[in-house]
Amino acid sequence: MSDSKRVLTKTYHQPLGDKLWRNFVIGIPYFWLLLFFLAPFAIVFKISFATPIVAQPPFTPLFDFTANASQWLLATWDNYRFLTEDNLYWVSYFKSIKTAAISTLICLLIGYPMAYGIARATSTTRNILLMLVILPFWTSFLLRVYAWMGLLGKNGIVNSLLMNMGLIDSPLQMLYTDMAVYLGIVYTYIPFMILPLYATLEKMDPSLHDAAADLGAKPWQTFIDVTLPLSMPGIIAGSLLVFIPAIGEYVIPALLGGIDSLMIGRTLYDEFFVNRDWPLASAVATILLIIVVIPIMLFQRSQQEQE
Amino acid sequence: MNNENTIKANQSAKPYVAETPWLDPEAVPFIQIKGLSKQFDDFSAVDNVDLNIYKGELFTILGGSGCGKSTLLRMLAGFETPNAGQIIIDGIDMANIPAYDRPINMMFQSYAVFPHMTVEQNISYGLKKDKLAKAEIATRVKDMLELVQLSELAKRKPNQLSGGQRQRVALARALIKQPKVLLLDEPLAALDKKLREQTQFELINLQYELGITFVVVTHDQEEAMTLSTRVAVMDAGKFIQIDTPTQVYESPHNRFVANFFGTINFFNATVLSTDPEAQTLTAQLEKTGTQLEAKAEGRFSASDEVTIAVRPEKISVSQERPEGDHLTITKGTVEDLAYYGNRSVYRVRSQSGRIIQVSAQNNQRSEQLVLEWDDEVYLSWDSSCNVVLSE
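Chains A and B supply the protein sequences, listed in that same order.
Taking the numbering used here, the leading residue of the first sequence gets 1, the next gets one more, and so forth.
Taking the numbering used here, the leading residue of the second sequence gets 1001, the next gets one more, and so forth.
Please note that a few of the clues may not be correct.
Stated by the list, open to error - Derived pair list, reagent style DSBU-like, types lysine-lysine, alpha-carbon separation capped at 30 Å: (1) Lys218/A to Lys1180/B; (2) Lys1142/B to Lys1157/B; (3) Lys1129/B to Lys203/A; (4) Lys218/A to Lys1155/B; (5) Lys1180/B to Lys1238/B; (6) Lys1128/B to Lys1055/B; (7) Lys1142/B to Lys1128/B; (8) Lys1134/B to Lys1157/B; (9) Lys1180/B to Lys1142/B; (10) Lys203/A to Lys1155/B; (11) Lys1314/B to Lys1287/B; (12) Lys1055/B to Lys218/A; (13) Lys1157/B to Lys203/A; (14) Lys1295/B to Lys1331/B; (15) Lys218/A to Lys1131/B; (16) Lys1129/B to Lys1155/B; (17) Lys218/A to Lys1193/B; (18) Lys1128/B to Lys1180/B; (19) Lys98/A to Lys46/A; (20) Lys1129/B to Lys1180/B; (21) Lys1238/B to Lys1295/B; (22) Lys1157/B to Lys218/A; (23) Lys218/A to Lys1142/B; (24) Lys1295/B to Lys1314/B; (25) Lys98/A to Lys154/A; (26) Lys1034/B to Lys1238/B; (27) Lys218/A to Lys1134/B; (28) Lys1034/B to Lys218/A; (29) Lys1193/B to Lys1155/B; (30) Lys218/A to Lys1128/B; (31) Lys1128/B to Lys203/A; (32) Lys1287/B to Lys1331/B.
Calculated directly from the structure, the hints in this document are not laboratory data.
My request is simple: use the sequences and hints to build the entire structure.
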């Protein structure tokens, strides 16, 4: 009697090895995040409370254990205070958010019909179209931005074409404008919008569209009532994948944008490498993280709760 | 008071439906399909099909996968455009009417219930698209929820419902627009056995109460038999036979139809003589030379090669030689038997070496098998059970 009981409990217990293995598998991404995201951020966060000095490294240590007990912590709020005083930073933050938001919207408007078309194509054309979406990644990102400089420049291909056709008399100023920045960002990040949109649209049950039509919905009504709400997860994923890298974009505004296109990436670069004010640059980065990441996390959480 | 009574009487009055309108040459079909064809690339899914369906029918299109039945249904709904032919519903040609304007609703095989809407929103969707007044939508949705017994679940999302409940949402959503025709694509396929039987009867009652013409597509012969007024058996884009369930089962036109509806025994035979008056013929079985009589219309003549088909449940098994007129009798040994509780199935090898399948009701209580393996038995059946097939 007691013997059989023991056998039962034994089989129902998970072997120790399995448990260890499972924890190990789950642990890997956590370890990765800890090592390559949280730890570097902790360092940046620490530096943001220091004071710049001309030395190696160019900031004061945070702790001075040689001092007496009340003064061993050398943290200062000066960097954060400075951010609020100089409106350069607010201008860059705002410009970054605005540029990223408009680019995301343009990506969505262009990417949605493309993703829809790909999802509806026959399986052979679908693979070709998906290939074409991913194809630009096979060329260096920097090279593609330089190509746009060649296209949009004063003596660039677009201008000479228009002049040869007699449509314009003098070259248009296209390079070093905000438009060039939007063009560059949309061009670079649109695959990140198309792919998640395609994924949600492709797995949508086509009989749902038939059902809506069957119940009297015209094609545009079917789109508004059924397709759009059901593709929301793809819209959100795609928008975040475009918005987040676009907000901190440095290369595109630096190469295609005008002198006044002060996005936060450029400001960060200038603080780090031109002014060598690492503590202030760290404070800029910390604030960027707070104003971007925290609203996104809250948003995603509310989305999850809805489901 | 008097007034109330008349209203009640009207509500309970069943809409008039002729019992067998397809036999009446004067009757005007409600759905007319003429020369309808649909090709996908080189493949002909529906091949020059004609069909008349009458008002109030519960018509079933039955066939295996890829026979074209779903394509036919999708053309009726307006999701596919025919390559040739005409669909006329209630006197109106559907050629230039898009799916969203047709007086037809459909219950999809996957149910296609909108996952982001509640039960209530799903059911009211069609009425909202028709721009009906809010108050009317509300009352009609309430009535419909009651009819399909979903009132308590009105605020639930589809992922909180069972399969049977989702099926009823799909049905309610299609019925609430009071369509002229309701199309049902494999309506019972996704339900378990108990629920199927229950839903089957609910569907028939609902159809009878509402008087809506139902067109059902299914691959399940049992579903087709129990539901329908008439069945169209389809194969390779064409109709093989269009008849009532009993006709299709008892008088199949050919081997395909006979085989589709359950098990059947086939014997190759040659016609010896015919009797046009009594509409019978005498035929000789190929191997044994046994002579048997069969009912047959005048389409056969002497020395025709025919197939005689007999259903397993028409055959009696006995250990003594049965006596009687018009009996076809043969002898064999029980080679295999399967006990199903209510009935037993025997596979008997006859003297000619052929296997004959017999299904017998276990109409006596016994804890032992009446027949055992290798028992010598007589098989007999009434000659009226012989079905003569031309192929």
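- Query: Checking against the hints above, which ones are violated?
  - Reply: 17
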